[in-house]
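Participant: The lines below spell out each chain.
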Amino acid sequence: MGDLGAELVRRARAVGMMLVWRAQSRSTRRVLVTGGRTEDSRGSVLSGQGLQIVTPDGRTVLASRDGFDPDPTLALLDRTIAAATRGGPLGLHRQRVPEMPALSAREIPEGLEAFDRIDPTAAARRLAEIESEIAASVPGVTLRLSFQAEVDAWRILRSDGTDVLYAAPRCTLRVTATSGGDRERHSVAAAVAGPDPALPWSDGPAALLVRRGTAAAELARALPDAPPHPAGTFPLVIDYALAKGLAHEAFGHAAEADGFRSSILARDGRFLAGQTVGAGHVSIVDEPVRGDYAWQPFSANGLRRERATIVDHGRLADALSDPWSAEPGGVRLTGAERAESYRHAPIPRMSNIRIEVDGALPAPGAFDEYGPGELRDLLDRAGILRRHPRIAFLSGYSGGQVNTATGDFVFHCKAIHALGREGTRLHRPAIFSGSMLGALGAIREALGPLLLDAIGTCGKLGQSVPSSGGSHYFLVLDPDPSFRLGGS
Amino acid sequence: MPFERLLTAIAGFGTGGARVRDWSVYGAETRRLALGTRDRETGGPHAPLNLAESFGAQFLLVWDDGRVSAGEIDRSEIGSGVEAALARARSAAYDDPDAAAVLGPAPIPEVPLHDPGVARIASGEAGPIAARLERIRERVAEHGFWTWSGSMVAAESRARLVTSAGLDAGVVTTFWAWNATFDGELADGFRGRAEDPFHDFDARLLRLGNLVSRLRRPAAHAPSGLRPVILHPHVVESFVLPILLGNLDGASVAHGESHFRASQFGSPDPVLREDLTLRVDPLEPLKAGSYRFTPEGVPAAACVYVRRGRLVTPVLNLKYARRLGWVPTAIPREYDTLHLEGPDPLPVEDALLEADGGALVLHVLGAHAQDATSGDFSLSAPQALAIEKARLGGRIRATLSGNLFAALRSDALRVVRFEGFPTPGLLFECRL
Numbered sequence: 000m001g002d003l004g005a006e007l008v009r010r011a012r013a014v015g016m017m018l019v020w021r022a023q024s025r026s027t028r029r030v031l032v033t034g035g036r037t038e039d040s041r042g043s044v045l046s047g048q049g050l051q052i053v054t055p056d057g058r059t060v061l062a063s064r065d066g067f068d069p070d071p072t073l074a075l076l077d078r079t080i081a082a083a084t085r086g087g088p089l090g091l092h093r094q095r096v097p098e099m100p101a102l103s104a105r106e107i108p109e110g111l112e113a114f115d116r117i118d119p120t121a122a123a124r125r126l127a128e129i130e131s132e133i134a135a136s137v138p139g140v141t142l143r144l145s146f147q148a149e150v151d152a153w154r155i156l157r158s159d160g161t162d163v164l165y166a167a168p169r170c171t172l173r174v175t176a177t178s179g180g181d182r183e184r185h186s187v188a189a190a191v192a193g194p195d196p197a198l199p200w201s202d203g204p205a206a207l208l209v210r211r212g213t214a215a216a217e218l219a220r221a222l223p224d225a226p227p228h229p230a231g232t233f234p235l236v237i238d239y240a241l242a243k244g245l246a247h248e249a250f251g252h253a254a255e256a257d258g259f260r261s262s263i264l265a266r267d268g269r270f271l272a273g274q275t276v277g278a279g280h281v282s283i284v285d286e287p288v289r290g291d292y293a294w295q296p297f298s299a300n301g302l303r304r305e306r307a308t309i310v311d312h313g314r315l316a317d318a319l320s321d322p323w324s325a326e327p328g329g330v331r332l333t334g335a336e337r338a339e340s341y342r343h344a345p346i347p348r349m350s351n352i353r354i355e356v357d358g359a360l361p362a363p364g365a366f367d368e369y370g371p372g373e374l375r376d377l378l379d380r381a382g383i384l385r386r387h388p389r390i391a392f393l394s395g396y397s398g399g400q401v402n403t404a405t406g407d408f409v410f411h412c413k414a415i416h417a418l419g420r421e422g423t424r425l426h427r428p429a430i431f432s433g434s435m436l437g438a439l440g441a442i443r444e445a446l447g448p449l450l451l452d453a454i455g456t457c458g459k460l461g462q463s464v465p466s467s468g469g470s471h472y473f474l475v476l477d478p479d480p481s482f483r484l485g486g487s
Numbered sequence: 000m001p002f003e004r005l006l007t008a009i010a011g012f013g014t015g016g017a018r019v020r021d022w023s024v025y026g027a028e029t030r031r032l033a034l035g036t037r038d039r040e041t042g043g044p045h046a047p048l049n050l051a052e053s054f055g056a057q058f059l060l061v062w063d064d065g066r067v068s069a070g071e072i073d074r075s076e077i078g079s080g081v082e083a084a085l086a087r088a089r090s091a092a093y094d095d096p097d098a099a100a101v102l103g104p105a106p107i108p109e110v111p112l113h114d115p116g117v118a119r120i121a122s123g124e125a126g127p128i129a130a131r132l133e134r135i136r137e138r139v140a141e142h143g144f145w146t147w148s149g150s151m152v153a154a155e156s157r158a159r160l161v162t163s164a165g166l167d168a169g170v171v172t173t174f175w176a177w178n179a180t181f182d183g184e185l186a187d188g189f190r191g192r193a194e195d196p197f198h199d200f201d202a203r204l205l206r207l208g209n210l211v212s213r214l215r216r217p218a219a220h221a222p223s224g225l226r227p228v229i230l231h232p233h234v235v236e237s238f239v240l241p242i243l244l245g246n247l248d249g250a251s252v253a254h255g256e257s258h259f260r261a262s263q264f265g266s267p268d269p270v271l272r273e274d275l276t277l278r279v280d281p282l283e284p285l286k287a288g289s290y291r292f293t294p295e296g297v298p299a300a301a302c303v304y305v306r307r308g309r310l311v312t313p314v315l316n317l318k319y320a321r322r323l324g325w326v327p328t329a330i331p332r333e334y335d336t337l338h339l340e341g342p343d344p345l346p347v348e349d350a351l352l353e354a355d356g357g358a359l360v361l362h363v364l365g366a367h368a369q370d371a372t373s374g375d376f377s378l379s380a381p382q383a384l385a386i387e388k389a390r391l392g393g394r395i396r397a398t399l400s401g402n403l404f405a406a407l408r409s410d411a412l413r414v415v416r417f418e419g420f421p422t423p424g425l426l427f428e429c430r431l
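These protein sequence lines are chains A and B, in that order.
Using numbering that gives the first Met the number 0, you'd call the opening residue of the first sequence number 0 and step up by one each time.
Using numbering that gives the first Met the number 0, you'd call the opening residue of the second sequence number 0 and step up by one each time.
Read the hints as simulated data drawn from the structure, not as lab findings.
Some hints here could point you the wrong way.
[Stated by the list, open to error] Reference listing, derived: stretches of chain B covered by chain A, where coverage requires no fewer than 3 residues with Cβ under 8 Å from a Cβ of chain A:
no., stretch
1, 46 to 58
2, 237 to 244
[What the hints assert, rightly or not] Calculated lysine to any residue pairs in the SDA-like style (CA-CA distance at most 25 Å, straight line):
no., chain 1, residue 1, chain 2, residue 2
3, B, Lys388, B, Leu244
4, A, Lys459, B, Asp182
5, A, Lys459, B, Gly324
6, A, Lys459, A, Gly437
7, A, Lys459, B, Arg39
8, A, Lys459, B, Glu236
9, A, Lys459, B, Phe189
10, A, Lys459, B, Pro346
11, A, Lys459, B, Gly245
12, A, Lys459, B, Lys388
13, B, Lys388, B, Arg332
14, A, Lys459, B, Leu244
15, A, Lys459, A, Glu305
Only a predicted model underlies this, so the values are computations on that prediction, with no experimental measurement involved.
For glycine and all other residues, C-beta sits at the position ideal for the given N, C-alpha and C.
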């Protein structure tokens, strides 16, 4: 495979073209269990190569092909070069070939051979055991459990000599609980992630999945009887998973430099670095975290991915940039470009994003020990219930979306709990929507240490890549007319 | 040829004392050309001209001990490690008699699915794309929009399905799609097997431009409370139909994860309003959602999922048809062959009269984050227009909440016909 890459580089150089060659092999195992029986179990390998050609006058053309057969690949290179050279009638945009530091590096985590030893039958049995454990605690709920183990390996060569190799292992355990019987049905999901394919058998993660799955099942069973929460503007507490959603949807996407010509965080295509966008004790940071679900140490162009402090104590600082967007956007190159697969064009996007708050208040114990009652007591002890006698607690992230041009964001939670001196009350989930700048400016306090294991899938421009992040256990937002809960 | 190599490998394969008894293999080889535009820049590094060649296959193996394996395999694995892939499949084999179905020969309908013009674009003839890009740029300039983004895609695929029971069917298809977003506000586009006529393309751009222009003006009054709301066909396709189809999915019904119970299918009791029908017709010529056979070998045929508010059948593949004791159905692949129908669709002008004091919702955020099982919805609609004196007014930023199934049962529900859209709009009352 390396010989093929070297030959492609040689041929591209010979005709004065810049080439980025991306070879990928992603191996996936997936097991799905429902009602104690295996409903699906399969393995797959996605492998192939992407050829990105940049002409001396700045036209870019991407080509891809599965497999690594030399002859058709070399023919594809010729076709790609020809298409780039004669791109005039289409009005293909020209952009100067950016300066990129050459790099030769590799990041291969230890223990990847364990992925070859995964026994799908044993995994299915283990999922059935976990399902039984949850079902014993919460009968009458339909459970669906899945285990997915994946190694995503990339090699990236550039015609300037860059040669980068890395492999990202990621494993997930997921459970979806659906309330049953003849009553109204609700579904609630939970997940645990880690890099080790022994995840289902590891005491800590398995116990955490049982705990989260049990909570999801209890919530699914309780939601049919829960009333809607009144719509409007309230003091809010959001958990770390929702805080990840806020950081990701509301700020991360608007800080991606490929969108600066229509982002609320830029003017005339330039990032508004230095502008105040939030309270002075709040920062937003994105960086790859080793062992994390969204870990990616190098960019899709073979650059080392750097930490980006998007908001530094309330002011815009770094953007998420790639070689083509950094200079036009007036920002530092952070190597933030990712691609779903070798077939896709790399675009700047997040990895693990978090909201950090200076002077976070203590929250002893583990996050999953906090139900609404324990959180209410924590807020009471911290004096927050004196300031806000009634607080809406939004728990569990179930997806969101943003319009980066207008700054409108929306995300959905799994449940709302009204917290007050009189106790707690469960309500059905409702949408949390509004202006990103208003929401960030409303963050008043944080409780607990940072927890960064909230996972998801980001679907920017139709490309799905793993995302992750978090914040302190809980964030407190003062009410503000710029964002609201539910309808009017 | 990778497909032939895979067939040969599967037919005689055995490992650890187990041999393949029955099998089914579906493979497709595709050539594709795509071109994107980001913020007026066509073919830039973040949306480049993209030429793709791919081959992929999916297989079902039934072993002689009755266990089954399903999986996907690509060209490189077929070339260098097909035995290892099949051994891996065996290691993942599981007991599931419902999944062990391999179809034999059956009459496969002829459906026009290929357009030579699209095939030429997929092979690199870019002239038609250039003409359309030019017209988009003209429309953007006429309306004074400051930016636009979009993409155009052409593909040609050759697919073949072969089973151990004697089924051997092939099909050559094309696919054409484009979309454009003006000022980052609203998008429209087309998906089909052939290019949409240029005048239809231009009319669509014009309608989109007019709506985006209207969004520049704020409404005099923002409606609130329980109000009539018209969901634009794009909102029906991004929010209503995915929730309906998700709950009609055979696996969800069989596992008790659907809003609908298995016992409700075939029942005379309506679950939606008695004049609503949902059906699919994969035999329509040159539609994106049309096909000749499913990858499992089920011949294409029209199918009604909901007739006059009553559940007829879930969407069933072979496994869940067997599990539920029904017959496999057509699979909805695109919205252009999925038909949501009610009596006497209202023209937009009449719908505006009925929805006076409400809103036309053009786009929603968060559709994918709803609890599809309960039907409860809570959506943000930053692109909506007030309806004032039975005419479209200025922009409002709304939040919608309610329950979709209650809306689809309500007496106030109306189906609205929008020019140029096969999917209708829906008019009902909900909280704004």
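Participant: Hints first: check each against the structure and report whether it holds.
Facilitator: Outcome of the hint check:
1. 46 to 58: With 10 residues closer than 8 Å to chain A, the stretch 46 to 58 of chain B meets the three-residue bar; holds.
2. 237 to 244: violated (count 0)
3. B/Lys388 - B/Leu244: With a Cα-Cα distance of about 36 Å, the restraint between B/Lys388 and B/Leu244 is violated, given a limit of 25 Å.
4. A/Lys459 - B/Asp182: holds, 18 Å
5. A/Lys459 - B/Gly324: Violated, at roughly 40 Å.
6. A/Lys459 - A/Gly437: holds, 23 Å
7. A/Lys459 - B/Arg39: holds, 18 Å
8. A/Lys459 - B/Glu236: holds, 19 Å
9. A/Lys459 - B/Phe189: holds, 20 Å
10. A/Lys459 - B/Pro346: Answer violated: A/Lys459 to B/Pro346 is near 35 Å, above 25 Å.
11. A/Lys459 - B/Gly245: holds, 23 Å
12. A/Lys459 - B/Lys388: Violated - the C-alpha atoms of B/Lys388 and A/Lys459 are around 39 Å apart, more than 25 Å.
13. B/Lys388 - B/Arg332: violated, 39 Å
14. A/Lys459 - B/Leu244: Status holds; Cα separation ~24 Å.
15. A/Lys459 - A/Glu305: holds, 20 Å
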